[in-house]
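So the protein lines, in turn, are chains A and B. Heads up, the first sequence is in the working numbering, so the first residue is 1 and it goes up one at a time. Heads up, the second sequence is in the working numbering, so the first residue is 1 and it goes up one at a time.
Any given hint might turn out to be false.
Label-pair restraints from in silico Cβ distances [as the list claims (entries may be wrong)]: (1) 211(B) / 115(A): 38 to 44 Å; (2) 115(A) / 21(B): 22 to 28 Å; (3) 201(A) / 172(B): 18 to 24 Å; (4) 167(B) / 140(A): 42 to 48 Å; (5) 171(B) / 223(A): 37 to 43 Å; (6) 172(B) / 223(A): 31 to 37 Å; (7) 188(A) / 180(B): 28 to 34 Å; (8) 230(B) / 140(A): 41 to 47 Å; (9) 211(B) / 203(A): 26 to 32 Å; (10) 230(B) / 205(A): 55 to 61 Å; (11) 233(A) / 41(B): 46 to 52 Å.
If you are wondering where the hints come from, they were derived from the structure by calculation, not from laboratory data. Please read all numbers here as calculations on a predicted model, not as lab measurements. Backbone N, C-alpha and C define an ideal beta-carbon position, used for all residues, glycine too.
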Amino acid sequence: MTDKATEVGEQEVRKEVLPREPLFSAKNRRLVTDPLGDDNPITIQVLGICSALAITVQVQQAVVMSLSVLFVMIAGSTMVSLLRNMIPSRIRIIVQLVVVASLVILISEVLKAYLPDIAERLSVFIGLIITNCIIMGRFEAFAMGNKPFPSALDATGNALGYAWILVVVSVVREVFGSGAISFPGVGQVTFIPESFFEAGYYNNNLMILPPAALLIIGVIIWVQRTRNPKLVEEA
Amino acid sequence: MALNKNSNAYTFIFAIVMVVIVGVALAFTSVSLKPLQEKNAVQKKMLSILASVGVEAERETSAELFEQYFAKRIAVNHEGEVIRESEGPIDPKDMEDPFNVDVQKEFRSTEMKPEDRSYPLYLAEIDGERISVIPLAGKGLWGPIWGYIALREDDNTIYGASFDHAGETPGLGAEISEQNFGDQFKGKTLYDESGNLVSITLEKTGASPDAPHAVDGITGGTITSKGVEEMIRRTMGVYSAYFEKENTELSSTQ
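Chain A with its partners taken away, still in its complex shape (with noise of 0.2 Å):
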């Protein structure tokens, strides 16, 4: 362990010392790709959970909830890294929290103007972006003490991290628990065919309720977890 923070430790100085770092090199690839995989912030680090419960019901929702997030992810994590060195360290958080609050309100008038049906189903989850603890805590684990570039490349990632499983979670639940995807423009697209409907199948109830969103987690928790047994944490 100590070994380990010593590295770190090392690693960063040299990142310092460095006059140049080209644009993607293998470490500002790594800060978009982990988050995808074994650093995801659903998955393992069980960030943003309440609302990957709530708003998964239709893919549609999903899609516009994560775009948000990206958005505001990307935007605040590159403000907070320009002013890093500006802000009194005795009242950060809080102007970290000025910074989400202002994107999120700034998301919500343009989704009210533009989107009003996804903005009314949306609710009070476009709201609670300001407290989804995916956004604070990347910025104050890595905007704060990072340059504007790899931060936007760790919110880029983390805010992917959250989006792709938003969207898994909402195509199983939308597709089983409606048998059909609705996108804008195109109307539904159908999944299961009538014949199933004829035959006896029945849409899954259970789908369309936020403990789905929990059953379905869990699945790609343990999936991940299986195909990479580094990720288990020890009993």
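Given chain A, put chain B in place with the hints provided.
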């Protein structure tokens, strides 16, 4: 750097500058998006009123359908006298138009005198029957709730209802905006046989579908259910005067 970033002065200045910048940016966004949001709100209101009479519409077609079904809009005062009638297209700037009346304020403001309040009523013709849609406004657990209740020609039997809310708990109180909840009101009656207002109660333990004056309440949404109950009873108390007048007029002319 000469600046002491841990000093109180620096902290205060930083906070003030930040708040001013954020405030200006958000105020600007809010003002520039307001017209679009208001248009959406009007469309939503039309959709809710149409939903109460069982007409399904999209945002784009809402205005057209609304005008097609609701030829006449009237406003009455607290004694049930008609104070304003309007027909045809709605002028969004005419705040006196019954459609534009802010019922949340008119019905519930504590500062307005009863005689200053105006109570709108939207009249539709559906299959040759006159349907009156009454707007409702009340409060739920977290904020305002509202709805529309459509009455058949006898001014007693409910033709349909739709409800909505600003911020009730999703999955609990927010369920009032589901069509299933509004549909329960169909066929219920507001007055008993001798013509007394009994309104509709929301039963916590569930109501029989045959019960004339009761529907199922919302599980886990007791305060929202109470709010719905209260707003129907209070609003109907006012409109009763109008229906009474109208019916005596009808019988005296016959």
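Hint-by-hint comparison with the structure:
{"no.": "1", "hint": "211(B) / 115(A): 38 to 44 Å", "verdict": "40 Å, holds"}
{"no.": "2", "hint": "115(A) / 21(B): 22 to 28 Å", "verdict": "27 Å, holds"}
{"no.": "3", "hint": "201(A) / 172(B): 18 to 24 Å", "verdict": "30 Å, violated"}
{"no.": "4", "hint": "167(B) / 140(A): 42 to 48 Å", "verdict": "29 Å, violated"}
{"no.": "5", "hint": "171(B) / 223(A): 37 to 43 Å", "verdict": "28 Å, violated"}
{"no.": "6", "hint": "172(B) / 223(A): 31 to 37 Å", "verdict": "33 Å, holds"}
{"no.": "7", "hint": "188(A) / 180(B): 28 to 34 Å", "verdict": "20 Å, violated"}
{"no.": "8", "hint": "230(B) / 140(A): 41 to 47 Å", "verdict": "45 Å, holds"}
{"no.": "9", "hint": "211(B) / 203(A): 26 to 32 Å", "verdict": "30 Å, holds"}
{"no.": "10", "hint": "230(B) / 205(A): 55 to 61 Å", "verdict": "32 Å, violated"}
{"no.": "11", "hint": "233(A) / 41(B): 46 to 52 Å", "verdict": "49 Å, holds"}
Consistency with the previously given hints fails for numbers 3, 4, 5, 7, 10, ordered from lowest to highest.
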